[in-house]
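Engineer: From just these sequences and the hints, can you work out the full model?
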Amino acid sequence: MAVAQDTVERSVRNGVPLEYATADGELKIAGFWLFLSTDLLLFACLFSTYAILRTNTVGGPTGAQLFDIPGFTTETFALLTSSFTCGLATHEMRRGNRAALIAWLAVTVLLGLVFIGFELDEFISYATHGAAMQRSAFLSAFFTLVGTHGAHVSLGILWMLTVVYQLAVRGITAVTARKVFIVGLYWHFLDIVWVFIFTVVYLTGVLK
Amino acid sequence: MPVSPANLTGHFFVTGDPLIYGADASILLASAAVVFVLTYYKKWRWLWREWLTTVDHKKIGVMYLMAALLMLFRGGVDAILMRTQLMLPNMKFLAAEHYNQIFTTHGTIMILFMAMPLIFAMFNIAVPLQIGARDVAFPYLNAISFWLFFFGAMLLNLSFVIGGSPDAGWTSYPPLAGLGFDRGPGENFYLLALQVSGIGSMATGINFIVTILKMRAPGMTLTKMPLFTWSVLASSILIIYAFPALTAALALLLIDRVAGAHFFTMTQGGNAMMYVNLFWIWGHPEVYIVVLPAFGIFSEVFSTFSGKRIFGYTSMWLSLMTISVLSYFVWVHHFFTMGAGPDVNSFFAVASMAVAIPTGVKVFNWLFTMYRGRIRFTVPMLWALAFIPNFAIGGATGVMLAAAPADYQYHNSYFLIAHFHQVLIGGVVYGMLAGMYYWWPKMFGFKLNERLGRWGFWLFNIGFYVCFMPLYPLGLMGMTRRMYVYPAGLHWALLNLISTIGAYVMGIAFILIVIDVLYSIVRGERDVTGDPWNGRTLEWSLPSPAPHYNFARIPAVASRDAWWAMKEQRADDLNSGRQPEPLQPIHMPKNSGRPFILGVFFFVGGFGAVFGWYLLAALGFVGVLFALLSRALEYDTDYYISVEEIERTETALGRS
Ligand code: HEM
Ligand SMILES: [Cu+2]
Chain A
0 MAVAQDTVER
10 SVRNGVPLEY
20 ATADGELKIA
30 GFWLFLSTDL
40 LLFACLFSTY
50 AILRTNTVGG
60 PTGAQLFDIP
70 GFTTETFALL
80 TSSFTCGLAT
90 HEMRRGNRAA
100 LIAWLAVTVL
110 LGLVFIGFEL
120 DEFISYATHG
130 AAMQRSAFLS
140 AFFTLVGTHG
150 AHVSLGILWM
160 LTVVYQLAVR
170 GITAVTARKV
180 FIVGLYWHFL
190 DIVWVFIFTV
200 VYLTGVLK
Chain B
0 MPVSPANLTG
10 HFFVTGDPLI
20 YGADASILLA
30 SAAVVFVLTY
40 YKKWRWLWRE
50 WLTTVDHKKI
60 GVMYLMAALL
70 MLFRGGVDAI
80 LMRTQLMLPN
90 MKFLAAEHYN
100 QIFTTHGTIM
110 ILFMAMPLIF
120 AMFNIAVPLQ
130 IGARDVAFPY
140 LNAISFWLFF
150 FGAMLLNLSF
160 VIGGSPDAGW
170 TSYPPLAGLG
180 FDRGPGENFY
190 LLALQVSGIG
200 SMATGINFIV
210 TILKMRAPGM
220 TLTKMPLFTW
230 SVLASSILII
240 YAFPALTAAL
250 ALLLIDRVAG
260 AHFFTMTQGG
270 NAMMYVNLFW
280 IWGHPEVYIV
290 VLPAFGIFSE
300 VFSTFSGKRI
310 FGYTSMWLSL
320 MTISVLSYFV
330 WVHHFFTMGA
340 GPDVNSFFAV
350 ASMAVAIPTG
360 VKVFNWLFTM
370 YRGRIRFTVP
380 MLWALAFIPN
390 FAIGGATGVM
400 LAAAPADYQY
410 HNSYFLIAHF
420 HQVLIGGVVY
430 GMLAGMYYWW
440 PKMFGFKLNE
450 RLGRWGFWLF
460 NIGFYVCFMP
470 LYPLGLMGMT
480 RRMYVYPAGL
490 HWALLNLIST
500 IGAYVMGIAF
510 ILIVIDVLYS
520 IVRGERDVTG
530 DPWNGRTLEW
540 SLPSPAPHYN
550 FARIPAVASR
560 DAWWAMKEQR
570 ADDLNSGRQP
580 EPLQPIHMPK
590 NSGRPFILGV
600 FFFVGGFGAV
610 FGWYLLAALG
620 FVGVLFALLS
630 RALEYDTDYY
640 ISVEEIERTE
650 TALGRS
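Residue numbers (numbering that gives the first Met the number 0), protein chains in the order written: chain A, 0 to 207; chain B, 0 to 655.
Careful, some of the hints might be misleading.
Claimed, not checked - What follows is a list of derived Cβ distance ranges for each label pair: (1) LEU618(B) x ALA43(A): 25 to 35 Å; (2) GLN568(B) x ALA99(A): 48 to 58 Å; (3) ALA631(B) x GLY86(A): 14 to 24 Å; (4) GLY58(A) x LYS589(B): 55 to 65 Å; (5) TYR634(B) x ASP120(A): 34 to 44 Å; (6) VAL349(B) x VAL57(A): 52 to 62 Å.
As the list claims (entries may be wrong) - According to the in silico footprint, chain A covers these stretches of chain B (three or more CB under 8 Å from chain A): (7) 241-247; (8) 250-262; (9) 266-274; (10) 535-548.
No lab work stands behind these hints, which were simulated from the structure alone.
Note that the structure is predicted; figures quoted are calculated from it, not measured.
Glycine included, each C-beta is placed from N, C-alpha and C at the ideal position.
Structural biologist: And the structure:
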């Protein structure tokens, strides 16, 4: 524990953010950036598949018929706001305010749950109205792209909860700070991917 | 719809074929023997503590090597079976269905479960030692990568006796690999095994990029890095930016198969060419993923055994990087016949041919490195030398295949088979065997026997030409790939017979190499200096095998070929009587059984998914989540080695 205390003091003195204070933290953050770049490519493959199959509805429902503007707008607001609250959490972490940090993470998780709730509702309503992924190539691509993002968000929620738990038990240390920072990176990344889904899938879909 | 009865999910254990009963029996016998030996010698604890839970890159490297050699054996047996079936016209050794399964598992195993772990073995064995690091950036993740590869490989191999092997080729194109034509679990085995091991490969790529970029010894700038390390960097970059495309392709096909989606079903608006594109967006970079590390090994070997610095160091790493970038822009050359049109095909043809330029630069640099060098014809050097003519032919036929209009003629013929085996065997396998002989003393503390090694080398090299040269003309004569039988009277028989003889010769050579290993374990020349080849890079500055923590003191690097420079300097240092820096406690990661357990959960989940037993699949998945969670909550993950213990170890190794 003495070691941990040292690193904290040193990093504060040198103006290095706590999550970068240990060599290990720095390596893990670098590795995580690389991971995100690969995840981006995974999404790029799903986006291109969607772009190719978008119009292949083979007589089934089209995006314009399915997409519900208030629904996906609410989802978008929830997720964008959660990215903001996640940023606030990091800000509070830098100030060493554990209670506020946990509170903002909790808000982030709640907004994430709202997002997932709306998405599930959307999926279920499509599937029960003859627009399941087995209906057409367009729907296969739609469910896979949007669903992969949703699965990422769900995993992010679980992950963030474990980080909250660790913060509650251990406080802000070099290790927990790194964990907060990394889950934050992940969360912002998912937000950016959603912006693309919003434009490529939903906006382009309803404009047609 | 043509669904062959042998392929239905109906029976769990594959029945009816004597070869498979043979496999069943040998698997049972081998497992029983392993269990017996471990129990008899009371080695279970040792196995668990020293190997299954290790996070030491050196041991992980050894495990990759052993697993890869085992897979080379399995893939080699497949090859021998195929060549036996093709030996004469109208052979009745293998049935069509069985032949399909064998070329599929041969290709899949050779690329993903032989070549990949073999390069990872070399990454692990050499990179941290070459850059003066104590381990990789993420040792725990490194262990996870290994166990995901291992259990992925087990999943695929299991298909042989349970459920039936995949049979739609190693490329697994839909619609052939879709539900319409292939209902059995075999394809699912392929998809899940590749997915599981693919996660491991991605993690390895990330691990080594961070290791190389962030953990080099002080003074070792990028341009002072050994060329093997450069090649690993290039290969790792390719891994992390190519594998996502494979992950996507396999996932979409799996969703089509298990959820009844229509990504690749023409009648429902799907587009099968999307799979082919995604597959080769990964597939072409993949061949460079496996061959670039071989290039790196050749650079080390040529320079060491010519007693010279590598010629054209800067152009060497630049060409590695150029090849990595170019390799993303050539994938369409695998299907010029798709009909993308002259403009698209021209672009990809020219890009493919352009790869020959940086490759040519490398070949000339190797030749110039040897020019006026004092060459020692050791076994690693023999493999490296033999690689050059091999790759020259493979490269030339590659340029022929890249000429789009002409490819309409060669496409999917035995000309192609000959070409890619020439580069995969002549490049990757020769490279990795060179690396194995070269680094063997570093791994185990004794050299492999050179005499047996030379026999193995010459037989393999001769066998190679005998086996594959006839395949070029056969391709031009119209023999297409994946054909299980051919009629007499086409003038194909003699060439096929010669080729099969060559395959057997290579098989014997492989056995000789195994004998070399076994013989040397008992009688091999011990390496007491740590520098048996008079090496140039930092791994040779350490005792063989290197202690657990690699470097007692992290070396300071002043130039390329750091160890060579140190050896030249050492005389001065001794005279000046300079004291070495005091030792510091060393921070090391603790062993963990969780990577292994995680692998087991992935295996269980994958197996459940293969058969559509969703309860089992869910169980595996939940297990994975729990393993990840328990790691997240684990804080006691590392420890310090005390100065006294380091001193004791170093003294025991004859160093101070
Ligand atoms: C050891 C000597 C080897 C022999 C004698 C051999 C022989 C063969 C034969 C007979 C085929 C099937 C041709 C056909 O019917 O289409 C084949 C396919 C293939 N081989 Fe090998 N092979 C050898 C080593 C390797 C190695 C080392 C690799 C890769 C690193 C490799 C990769 C492949 C691939 C990818 C295929 C295509 C499978 C498919 O069509 O789906 N082979 N090989
Ligand atoms: Cu290619």
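Engineer: Next step is simple, just say for each hint if it's right about the structure.
Structural biologist: Status of each hint after checking the structure:
1. In this structure the supplied range 25 to 35 Å holds for LEU618(B) paired with ALA43(A), their Cβ-Cβ distance being about 33 Å.
2. About 57 Å separates the C-beta atoms of GLN568(B) and ALA99(A), a value consistent with the hinted range of 48 to 58 Å.
3. ALA631(B) and GLY86(A) have their C-beta atoms about 22 Å apart, which keeps the hinted 14 to 24 Å range intact.
4. Separated by about 60 Å at the C-beta atoms, GLY58(A) and LYS589(B) satisfy the suggested range of 55 to 65 Å.
5. In this structure the supplied range 34 to 44 Å holds for TYR634(B) paired with ASP120(A), their Cβ-Cβ distance being about 39 Å.
6. Separated by about 38 Å at the C-beta atoms, VAL349(B) and VAL57(A) break the suggested range of 52 to 62 Å.
7. Proximity of the stretch 241-247 of chain B to chain A, defined as three or more residues with a beta carbon under 8 Å from a beta carbon of that chain, is established by the 5 residues found.
8. Residues of the stretch 250-262 of chain B with a Cβ under 8 Å from some Cβ of chain A number 9, which satisfies the need for three, so the listed coverage holds.
9. Beta-carbon proximity to chain A at under 8 Å applies to 6 residues in the stretch 266-274 of chain B; the threshold of 3 is reached and the given coverage holds.
10. For the stretch 535-548 of chain B, the stated coverage by chain A is violated: 0 residues have a C-beta nearer than 8 Å to a C-beta of that chain, whereas at least 3 were required.
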